[in-house]
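Chains as they are written, first to last, in this note's numbering: chain R, 1 to 220; chain E, 221 to 469.
Read the hints as simulated data drawn from the structure, not as lab findings. All C-beta atoms, glycine included, are put in the ideal place defined by N, C-alpha and C. Some clues are possibly wrong.
Label-pair ranges, simulated between beta-carbon atoms [stated by the list, open to error]: (1) E:Glu397 <-> R:Ser49: 39 to 49 Å; (2) E:Pro262 <-> R:Pro204: 53 to 63 Å; (3) R:Ser49 <-> E:Gly362: 24 to 34 Å; (4) R:Ser116 <-> E:Asp250: 35 to 45 Å; (5) R:Leu212 <-> E:Pro396: 37 to 47 Å; (6) R:Arg146 <-> E:Gln449: 49 to 59 Å; (7) R:Leu202 <-> E:Thr297: 53 to 63 Å; (8) E:Glu397 <-> R:Leu212: 49 to 59 Å; (9) R:Leu88 <-> E:Arg296: 43 to 53 Å; (10) R:Glu158 <-> E:Asp248: 51 to 61 Å.
Part of the chain E face toward chain R, derived, beta carbon under 7 Å [claimed, not checked]: (11) Ser268; (12) Met308; (13) Thr320; (14) Arg331; (15) Lys335; (16) Met423.
As a list, the in silico DSBU-like pairs of lysine-lysine whose alpha-carbon atoms are at most 35 Å apart [what the hints assert, rightly or not]: (17) R:Lys132 <-> E:Lys335; (18) E:Lys245 <-> R:Lys161; (19) R:Lys161 <-> E:Lys335.
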Amino acid sequence: MLQTFFDLDIMRAALPYLLQGLWTTLLLVALVVPLGLAGGLIVALLSTSRRRSVRWPLVVYVDFFRAFPPLVLLIFIYAGLPFAGLELGAFASVAIGFFLNTSSYYGEILRAGIESVARGQMEAARSTGLTKAQAMAWVVLPQAVRNVLPDLVGNTLEVAKLTSLASVVALPELLFAARSAQSLTFNPSPIVLAALIYFVLLWPFVRLLSRLEHRTLAGR
Amino acid sequence: MAPGARPVLSIRGLRKSFGSVEVLKGIDLDVRARELVFVIGPSGSGKSTLLRCCNRLEEPTDGSILFDGIDVLSPRTDINAVRRRIGMVFQSFNLYPHMTAAGNVMLALRRVLKKGRAEADAIARAALARVGLADKAGSYPGELSGGQQQRVAIARALALEPVAVLFDEPTSALDPELVGSVLQVMRELREAGMTMVVVSHEMGFARAAADRVLFMDQGEIVEEGPPAQIFGAPRHARTRAFIEQIVRH
Ligand SMILES: Nc1ncnc2c1ncn2[C@@H]1O[C@H](COP(=O)(O)OP(=O)(O)OP(=O)(O)O)[C@@H](O)[C@H]1O
Ligand SMILES: [Mg+2]
Chain R
1 MLQTFFDLDI MRAALPYLLQ GLWTTLLLVA LVVPLGLAGG LIVALLSTSR RRSVRWPLVV
61 YVDFFRAFPP LVLLIFIYAG LPFAGLELGA FASVAIGFFL NTSSYYGEIL RAGIESVARG
121 QMEAARSTGL TKAQAMAWVV LPQAVRNVLP DLVGNTLEVA KLTSLASVVA LPELLFAARS
181 AQSLTFNPSP IVLAALIYFV LLWPFVRLLS RLEHRTLAGR
Chain E
221 MAPGARPVLS IRGLRKSFGS VEVLKGIDLD VRARELVFVI GPSGSGKSTL LRCCNRLEEP
281 TDGSILFDGI DVLSPRTDIN AVRRRIGMVF QSFNLYPHMT AAGNVMLALR RVLKKGRAEA
341 DAIARAALAR VGLADKAGSY PGELSGGQQQ RVAIARALAL EPVAVLFDEP TSALDPELVG
401 SVLQVMRELR EAGMTMVVVS HEMGFARAAA DRVLFMDQGE IVEEGPPAQI FGAPRHARTR
461 AFIEQIVRH
């Protein structure tokens, strides 16, 4: 039994292939996280607008994509949109699908962060002549990010795990590589190896998150 | 020190409504250079709103405000340029908790006045020294007492060399034993000839330092006069009732 799941020879043979998959996974994370954060920041900043006509489309955007199961979204973009003549290919589908999902989550987190900062902070900054943008950048956002740091790290962790969904559209990331190796070798060891790699990769962030959450609770 | 004749702040027919509720019902007020005007009145009478209209933290509904010769309410006025010349001190200090005392004072020097780091730092240290906190430049607000925090907030306003400073209940959030240190700084400011509008119920300070006391009620200035008159022989029944009430407390 142990032999079946931990076949070291197969693992060794599959490793280079899995590392290639890991590279694609990291690339995806490195693309989706900054883009999602940037999109989320824009959503959050616009959400503080006084104009209702600016705010409500964002509420719709955030709610819609947070309620949309990411796997369904991904398959829709990859396999559904071609029927409308829009053929995006695996990588673009994944990038767009994850951006829509991720930016709405980050947007909601950052919006909550901005709202958690006392109104007097913005007023004090504006009373010294700072523009709204300057007050946001130097006074409100640093505090907002600090207040929701555990949620930001937690969401980033979710994004990293989310990338494994890209395997369903045959993007050769870590899980897809492991699945291929498994079907070639008729052995589950590559999947186990992939799981180990995910764990080694993500565990430090899980620890970090734990500590942040602990600190936040203790700080209350 | 005799107040100058030139009005620094000139308010005419100022009105402010929140929704259908009119909170300021036509305020006329002139504050001359070097004058200290004291504003008292019951909770909800519009004192904070009056101050906040002066630098447009609230947008007035009607009326005019001239500050240092500038039409504050004109759409062509660069409000940020006006704001940096009107200092404002808040009841709840509103220090930036993620910055040191010096950082709090330096922010507008750097970002609004575009001063270099070294120059801003020197000005910040001088401003902190002026409020007796030269040794706290590197402390974060969370490490300071309420009185010290409020003095940092005053230094933050002073560093921009304002033409006037507005104080909105600067000592109301402080423990009684810390009130004195803040009032001391305000007294020194007054002696240095700063133009000040102070919303506060510190009657001892008003008697000693104010040129004029305004009593506000329900969005109007009911009565104004020298402290001795307002506190000692108020003409209006509403003023008398209010003074009696705060004296009793
Ligand atoms: N942003 C706002 N929206 C709606 N109503 C407001 C707002 N700010 C103030 N008000 C109302 O305006 C009135 C005047 O408020 P203001 O804060 O100016 O009074 P105040 O004299 O400073 O009172 P206090 O002594 O309690 O500070 C109050 O009835 C208050 O509820
Ligand atoms: Mg008030």
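Hint-by-hint comparison with the structure:
| no. | hint | result |
| --- | --- | --- |
| 1 | E:Glu397 <-> R:Ser49: 39 to 49 Å | holds (44 Å) |
| 2 | E:Pro262 <-> R:Pro204: 53 to 63 Å | holds (58 Å) |
| 3 | R:Ser49 <-> E:Gly362: 24 to 34 Å | holds (31 Å) |
| 4 | R:Ser116 <-> E:Asp250: 35 to 45 Å | holds (41 Å) |
| 5 | R:Leu212 <-> E:Pro396: 37 to 47 Å | holds (39 Å) |
| 6 | R:Arg146 <-> E:Gln449: 49 to 59 Å | holds (51 Å) |
| 7 | R:Leu202 <-> E:Thr297: 53 to 63 Å | holds (54 Å) |
| 8 | E:Glu397 <-> R:Leu212: 49 to 59 Å | violated (37 Å) |
| 9 | R:Leu88 <-> E:Arg296: 43 to 53 Å | holds (49 Å) |
| 10 | R:Glu158 <-> E:Asp248: 51 to 61 Å | holds (59 Å) |
| 11 | Ser268 | violated (11 Å) |
| 12 | Met308 | holds (4 Å) |
| 13 | Thr320 | violated (13 Å) |
| 14 | Arg331 | holds (5 Å) |
| 15 | Lys335 | violated (13 Å) |
| 16 | Met423 | violated (26 Å) |
| 17 | R:Lys132 <-> E:Lys335 | holds (19 Å) |
| 18 | E:Lys245 <-> R:Lys161 | violated (60 Å) |
| 19 | R:Lys161 <-> E:Lys335 | violated (46 Å) |
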